[in-house]
Amino acid sequence: MLTSRQRGQLVRYAIYATTLALLVWAATTTDWAKLQEHFFDPKIFWSLFPDILTRAARNTLIFTLFGFTGGLAIGLVLALMRLSPVAPYRWAAAIYIEVFRGLPALITIVLIGFVLPIALQVRVPGTYGPGSLALAIVTGAYLAETIRAGIEAVPKGQMEAARSLGMSHARAMGSIVIPQAFRVILPPLTNELVLLLKDTSLLFVLGTTDQTIELAKYGRDAVADTFNGTPLVAVALVYLAITFPLTRAVAWLERRQKRAVR
Amino acid sequence: MSEAMQPAIELVALEKRFGANQVLRGIDLRVSPGEVVCLIGPSGSGKSTLLRCVNRLEEPTGGRVLIDGENICATDCDLDRVRTKIGMVFQQFNLFPHLCVLDNLTIAQRKVLGRSKEQAEAKAHAVLERVGLAEKLHEYPSRLSGGQQQRVAIARALAMDPRMMLFDEATSALDPELVGEVLNVMRSLAEDGMTMMVVTHEMGFARQVADGVVFMDAGVIVEQGHPDEVLGSPRHERTQRFLQRVLAR
Chain F
35 MLTSRQRGQL VRYAIYATTL ALLVWAATTT DWAKLQEHFF DPKIFWSLFP
85 DILTRAARNT LIFTLFGFTG GLAIGLVLAL MRLSPVAPYR WAAAIYIEVF
135 RGLPALITIV LIGFVLPIAL QVRVPGTYGP GSLALAIVTG AYLAETIRAG
185 IEAVPKGQME AARSLGMSHA RAMGSIVIPQ AFRVILPPLT NELVLLLKDT
235 SLLFVLGTTD QTIELAKYGR DAVADTFNGT PLVAVALVYL AITFPLTRAV
285 AWLERRQKRA VR
Chain H
8 MSEAMQPAIE LVALEKRFGA NQVLRGIDLR VSPGEVVCLI GPSGSGKSTL
58 LRCVNRLEEP TGGRVLIDGE NICATDCDLD RVRTKIGMVF QQFNLFPHLC
108 VLDNLTIAQR KVLGRSKEQA EAKAHAVLER VGLAEKLHEY PSRLSGGQQQ
158 RVAIARALAM DPRMMLFDEA TSALDPELVG EVLNVMRSLA EDGMTMMVVT
208 HEMGFARQVA DGVVFMDAGV IVEQGHPDEV LGSPRHERTQ RFLQRVLAR
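Protein chains in written order, with this note's numbering: chain F, 35 to 296; chain H, 8 to 256.
Bear in mind the hints are in silico, worked out from the structure with no lab data behind them. Any given hint could turn out to be false.
[As the list claims (entries may be wrong)] Derived DEER-like restraints, expressed as beta-carbon distance ranges:
#, chain 1, residue 1, chain 2, residue 2, range
1, F, L280, H, G187, 47 to 53 Å
2, F, L280, H, D83, 26 to 32 Å
3, H, A129, F, L280, 40 to 46 Å
4, F, S202, H, Q215, 34 to 40 Å
5, H, Q247, F, A183, 45 to 51 Å
6, F, R290, H, E136, 30 to 36 Å
7, F, A128, H, L254, 21 to 27 Å
8, F, R290, H, A129, 27 to 33 Å
Model, not experiment: these values are computed from the prediction. Ideal placement from N, C-alpha and C gives every residue a C-beta, glycine not left out.
Chain F extracted, bound-state conformation:
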């Protein structure tokens, strides 16, 4: 008979062996020459630079930045409304959150880009305006629940101590509770930021100009121009080059904070 430890070891070795076998099978079956021809053509790859960075990646970052900043503002207001003693505020925020979390981001983008101008004769100004606003509205709905959870995670005594020192409710929220809430929600916030970064790829439905083209659309256009998949690989690498340092930076920030506070 095997002990449970030996059994565990056996299972682990079996998993290693299966994985290795699959990898070997994939590596030997793959037609590497064909793959390289269609997806790793160095000439096409390098022809994309620096345009892919100076235009496409730049626009992706701009949309992300505007969308996230706007989303934070909307999310914070909604979170405070959800926690308000005034019932209509709570209802309004709950409806907003349900609607824009429930709709696919693509639909919201179309709403802001096309339906709003027709219905209300209002066109969101600015080159980046409509896209950024649509992303902010969607992100705001997600961030609202995250921020609310963060605020609720701050012990009640913090608000009480601040109020006992004569701070108004708003002042106590702004100076004491919300700064602590953001420490708590830093990891989910990064998550939202990365999701938003990738959602910028949906903005193509608004129709892109040379000015507003973002990474994903840029890649697909390049694929259409070259009849080759290499641009998609280039775009994928650029996305990773943005998200990886970002998540590392936040992980570092988190560690540093843990050392400073509690």
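Dock chain H against the given chain F, drawing on the hints supplied.
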């Protein structure tokens, strides 16, 4: 307890109900300026709720709270201004963990009282000195012991130059060996003439420091008077039983 002086704190027919649960059933109490009153009683007797009604952290459902003669339950009362006169110390310290000790002590001075950075920091130095923690200025609360945290919390309240102080079981969350340092600070405050309401289980402190002891049970004041009377020769059976249990430990 001079009757002629206007009380610093006066509670009139104070009631507090949480749904169907009536926690305070008509409390009348006066605390004169400079007086130290200890509230004792079994847990659930309403003493903490009573204390929290004094600065309206808990909203009374009946009766009035008068601070220096001003009815703070009136709708036109500027509660935030009144609260700057009433320092409060909590069982769980409630220091602001994202701020260093200095910022814990200056934030309300600057944002509520409008003091300059220099004024606020000078005051912070002075009150920290007073609680014996002048060297901890730049530490974060998490790096301090429980006793030190509570002394910083007292200093934070004192930095506002309050006219009175409320202590809500200030030593109950502390390890036994750290209780003394906090009680010493409270004792020295009392000796300097601070008006204090103290919810406590420390009968020794009540006996030595308090001018008056209030025994509460089931939402009413059962007995109050000089510590020697209430703690030494209690008249009510409920007080006697409570003291027997507490002192037997």
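*asked:* Which constraints among the numbered hints does this structure fail? Numbers only, ascending.
replied: Hints 2 and 7 contradicted; others consistent.
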